[in-house]
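Keeping their order, the protein sequence lines are chains A and B. So in our numbering, spot 28 of the first sequence is number 28, and the numbers just go up one at a time. So in our numbering, spot 65 of the second sequence is number 176, and the numbers just go up one at a time.
Hint data in this document are derived by calculation from the structure and do not stem from the laboratory. Here the structure is a predicted model, which is why all the values come from computation and not from measurement. A virtual CB, placed ideally from N, CA and C, is assigned to each residue, including glycine. One should not assume that every hint holds.
To be verified - Straight line, CA to CA, 20 Å or less: simulated SDA-like cross-link-like pairs of lysine to any residue:
id, chain 1, residue 1, chain 2, residue 2
1, A, K3, B, Q148
2, B, K122, A, Q42
3, B, K122, A, G96
4, A, K52, B, G170
5, B, K168, A, P93
6, B, K168, A, S41
7, A, K3, B, K122
8, B, K168, A, A92
9, B, K122, A, H40
10, A, K3, B, S169
11, A, K69, B, Q148
12, A, K52, B, Q213
13, A, K52, B, L211
14, A, K3, B, E155
15, B, K168, A, T95
16, A, K69, B, K122
17, B, K168, A, R94
18, A, K3, B, G170
19, A, K52, B, N212
As the list claims (entries may be wrong) - Chain A side only, calculated, beta carbon under 10 Å to chain B, not exhaustive:
id, residue
20, S9
21, C12
22, G15
23, Y32
24, Y36
25, Q38
26, G43
27, I47
28, H49
29, N54
30, I74
31, V85
32, I89
33, R91
34, F99
35, T103
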Amino acid sequence: DAKTTQPTSMDCAEGRAANLPCNHSTISGNEYVYWYRQIHSQGPQYIIHGLKNNETNEMASLIITEDRKSSTLILPHATLRDTAVYYCIVRAPRTGNQFYFGTGTSLTVIP
Amino acid sequence: GAGVSQSPRYKVAKRGQDVALRCDPISGHVSLFWYQQALGQGPEFLTYFQNEAQLDKSGLPSDRFFAERPEGSVSTLKIQRTQQEDSAVYLCASSPLNALNQPQHFGDGTRLSIL
Numbered sequence: 001d002a003k004t005t006q007p008t009s010m011d012c013a014e015g016r017a018a019n020l021p022c023n024h025s026t027i028s029g030n031e032y033v034y035w036y037r038q039i040h041s042q043g044p045q046y047i048i049h050g051l052k053n054n055e056t057n058e059m060a061s062l063i064i065t066e067d068r069k070s071s072t073l074i075l076p077h078a079t080l081r082d083t084a085v086y087y088c089i090v091r092a093p094r095t096g097n098q099f100y101f102g103t104g105t106s107l108t109v110i111p
Numbered sequence: 112g113a114g115v116s117q118s119p120r121y122k123v124a125k126r127g128q129d130v131a132l133r134c135d136p137i138s139g140h141v142s143l144f145w146y147q148q149a150l151g152q153g154p155e156f157l158t159y160f161q162n163e164a165q166l167d168k169s170g171l172p173s174d175r176f177f178a179e180r181p182e183g184s185v186s187t188l189k190i191q192r193t194q195q196e197d198s199a200v201y202l203c204a205s206s207p208l209n210a211l212n213q214p215q216h217f218g219d220g221t222r223l224s225i226l
């Protein structure tokens with residue numbers, strides 16, 4: 001499976017931008033980067049995904065480096081409700097298009 | 112609109128009992144997935160259906176685990192002769208197709224505790 005590396009935990013002040021990094025140095029050209037988050041006792045929630053261009057939606061922005069070996073998820077104005085575990089996933093046809101979650105980054109938004 | 116619905120939300124069973132967990136996917140979604148999430152870990156893929164066909168069951172941990180989706184909509188994950196290591200949250204997800212650029216939408220899971 002395509003591997004990703006994320007910091008175990010991060011803190012962010014409420015109202016500030018949260019920047020969550022992810023390394024995926026073995027990514028191939030046709031593999032997508034996905035971000036999900038999981039709040040305690042809930043199922044994973046889809047945030048955003050991209051192939052090579054930067055993407056933005058109502059929840060977040062995804063910045064993918066030109067060589068595609070890393071990406072950053074940006075929550076522009078973090079709120080307390082953004083406290084969650086954030087998973088960066090590379091989705092690959094060689095693994096049946098399945099999602100392989102790692103252990104993610106535990107983000108704590110501090111008042 | 113309705114999301115993915117799973118029932119029951121919580122299930123407690125004694126070791127050795129059989130359990131059945133239900134998943135109602137989003138209406139019209141062809142692809143359905145089951146995951147197992149142990150405490151403190153990320154979800155792990157178990158199996159995948161396209162309509163009623165089980166196309167990938169590579170993640171099922173043993174032959175005690177069985178999943179079905181007979182009419183291509185509702186799915187049931189059955190665990191026979193449960194063991195304590197089966198205690199986990201079981202998540203179901205669905206998507207219109209199992210395509211690289213289509214996200215999966217998850218339910219809130221069934222928390223299974225084996226005593």
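Evaluation of the provided hints:
no. : hint           : verdict
1   : A:K3 / B:Q148  : holds, 18 Å
2   : B:K122 / A:Q42 : holds, 16 Å
3   : B:K122 / A:G96 : violated, 31 Å
4   : A:K52 / B:G170 : violated, 29 Å
5   : B:K168 / A:P93 : holds, 16 Å
6   : B:K168 / A:S41 : violated, 26 Å
7   : A:K3 / B:K122  : violated, 33 Å
8   : B:K168 / A:A92 : holds, 17 Å
9   : B:K122 / A:H40 : holds, 18 Å
10  : A:K3 / B:S169  : holds, 18 Å
11  : A:K69 / B:Q148 : violated, 27 Å
12  : A:K52 / B:Q213 : holds, 16 Å
13  : A:K52 / B:L211 : holds, 13 Å
14  : A:K3 / B:E155  : holds, 14 Å
15  : B:K168 / A:T95 : holds, 12 Å
16  : A:K69 / B:K122 : violated, 42 Å
17  : B:K168 / A:R94 : holds, 15 Å
18  : A:K3 / B:G170  : holds, 17 Å
19  : A:K52 / B:N212 : holds, 12 Å
20  : S9             : violated, 13 Å
21  : C12            : violated, 21 Å
22  : G15            : violated, 28 Å
23  : Y32            : holds, 5 Å
24  : Y36            : holds, 8 Å
25  : Q38            : holds, 8 Å
26  : G43            : holds, 3 Å
27  : I47            : holds, 9 Å
28  : H49            : holds, 6 Å
29  : N54            : violated, 16 Å
30  : I74            : violated, 18 Å
31  : V85            : holds, 8 Å
32  : I89            : holds, 9 Å
33  : R91            : holds, 6 Å
34  : F99            : holds, 6 Å
35  : T103           : holds, 5 Å
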